[in-house]
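Could you put the whole structure together from the sequences, leaning on the hints where they help?
Below, each chain spelled out in residue letters.
Number of protein chains: 2
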Amino acid sequence: MVLYDLELSGNCYKIRLMIAFLGLDCELKAIDFLGGEHKEDAFAAMNPFCEIPVFEDEGLTLRDSQAILIYLARKYGGEAWLPTMPDGLARVMQWLSTASNDLARGPNDARLHDLFGYDINVDLARRKAHLTLSIIENHLKDKEWLELGRPTIADIACFPYIALGHEGGVALDGYPAIRSWIERIKNIPSFVAMPGLA
Amino acid sequence: MVLYDLELSGNCYKIRLMIAFLGLDCELKAIDFLGGEHKEDAFAAMNPFCEIPVFEDEGLTLRDSQAILIYLARKYGGEAWLPTMPDGLARVMQWLSTASNDLARGPNDARLHDLFGYDINVDLARRKAHLTLSIIENHLKDKEWLELGRPTIADIACFPYIALGHEGGVALDGYPAIRSWIERIKNIPSFVAMPGLA
Numbered sequence: 001m002v003l004y005d006l007e008l009s010g011n012c013y014k015i016r017l018m019i020a021f022l023g024l025d026c027e028l029k030a031i032d033f034l035g036g037e038h039k040e041d042a043f044a045a046m047n048p049f050c051e052i053p054v055f056e057d058e059g060l061t062l063r064d065s066q067a068i069l070i071y072l073a074r075k076y077g078g079e080a081w082l083p084t085m086p087d088g089l090a091r092v093m094q095w096l097s098t099a100s101n102d103l104a105r106g107p108n109d110a111r112l113h114d115l116f117g118y119d120i121n122v123d124l125a126r127r128k129a130h131l132t133l134s135i136i137e138n139h140l141k142d143k144e145w146l147e148l149g150r151p152t153i154a155d156i157a158c159f160p161y162i163a164l165g166h167e168g169g170v171a172l173d174g175y176p177a178i179r180s181w182i183e184r185i186k187n188i189p190s191f192v193a194m195p196g197l198a
Numbered sequence: 001m002v003l004y005d006l007e008l009s010g011n012c013y014k015i016r017l018m019i020a021f022l023g024l025d026c027e028l029k030a031i032d033f034l035g036g037e038h039k040e041d042a043f044a045a046m047n048p049f050c051e052i053p054v055f056e057d058e059g060l061t062l063r064d065s066q067a068i069l070i071y072l073a074r075k076y077g078g079e080a081w082l083p084t085m086p087d088g089l090a091r092v093m094q095w096l097s098t099a100s101n102d103l104a105r106g107p108n109d110a111r112l113h114d115l116f117g118y119d120i121n122v123d124l125a126r127r128k129a130h131l132t133l134s135i136i137e138n139h140l141k142d143k144e145w146l147e148l149g150r151p152t153i154a155d156i157a158c159f160p161y162i163a164l165g166h167e168g169g170v171a172l173d174g175y176p177a178i179r180s181w182i183e184r185i186k187n188i189p190s191f192v193a194m195p196g197l198a
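Protein chains in written order, with the numbering used here: chain A, 1 to 198; chain B, 1 to 198.
A couple of the hints might just be wrong.
Stated by the list, open to error - Quick list of simulated restraints, FRET-style, between CB atoms:
1) B:Ala171 with A:Asp119: 25 to 35 Å
2) A:Ala171 with B:Asp119: 21 to 31 Å
3) B:Glu79 with A:Met1: 36 to 46 Å
4) B:Ala171 with A:Leu24: 39 to 49 Å
Unchecked claim - Where chain B lies over chain A, by a calculated footprint (3+ residues, C-beta under 8 Å):
5) 50-63
6) 66-76
7) 90-98
Think of the hints as simulated: they come from the structure by calculation, not from any bench. Computed from a predicted structure; not experimentally measured. We put the CB at the ideal spot given by N, CA and C, even for glycine.
Written out as structure tokens, the structure reads:
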């Protein structure tokens, strides 16, 4: 099991967090992101989208952090993190699209601008971030977890870029339910942190 | 089974296509999109993101076209459209993230700009579209379907906004493998079209 990894990437961190929760052993291979290693031929052969993370297990190579979470949860997590039944499965999957789209183009984009100097419309990214956070805040007002009353990969997929929001100028002051949810995630046994998490 | 639907939406069309392939009966409730019905309280109570489609079945309400595809495939499609095993499941899921993010912010955004007058950076959307199409073209060069050697929800999720690209100024002239793949999808028994599909 190999994770092609960048310590500062929230999408890589999702996978490290899932691996920690599942108690798995995984080799981390650091990608020289600033040096552009993810754009070189060897990396593009694994993932033509030239994005991290990439994950290998038993001859399978996967791109996309959401797909990797699904793989790990299904293969090593039983029913705990991702149910097999249609109802629960689809409820969780709604949030993986939120992570892949709304949060990627919201707090993640704002952080890419502020932390890594990406050429991104940061005002638009922050507006999108707060729109999505307002919806999640309201959703979490009477819930401990995003779906199913327990931690699932929905929470893992959405957690990093929300919790790292302050690195893109997206503060969580107005979102008490989200802040409580973040604390609950941090209290899951075997939780591991990453740089930038308060 | 109810689909809150907009005929011109590629994300709604994905669901109509899946329903047709599965031979299901589903009531279509047209949303008055231009009149802003999706932003009214009754709709926001079903989906706080105020996006179509929304889908109801047996007391379950789902948002997000990718999650709805997953639900329908798992509940009514056996192993045909979405495998349960981790390897195949994750391979398919990679493309649902591509649909939810790259294609949404590529050809979909370009079409929203051209067809519906959305305030979107259309040059950026078209550049993203062609970057994603180039990757998919190369991926399909030696394949009939995106994954697993058969049609899956990966194909259904990615098909609409690629096939509708011309409505956002994203022509498919340079992508012969994609054009062949589109023809294969159109030849699946029970295929249904939507306005704008050539």
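Here is how each hint holds up against the structure:
no., hint, in the structure
1, B:Ala171 with A:Asp119: 25 to 35 Å, "holds (26 Å)"
2, A:Ala171 with B:Asp119: 21 to 31 Å, "holds (26 Å)"
3, B:Glu79 with A:Met1: 36 to 46 Å, "violated (26 Å)"
4, B:Ala171 with A:Leu24: 39 to 49 Å, "holds (45 Å)"
5, 50-63, "holds (count 3)"
6, 66-76, "holds (count 7)"
7, 90-98, "holds (count 7)"
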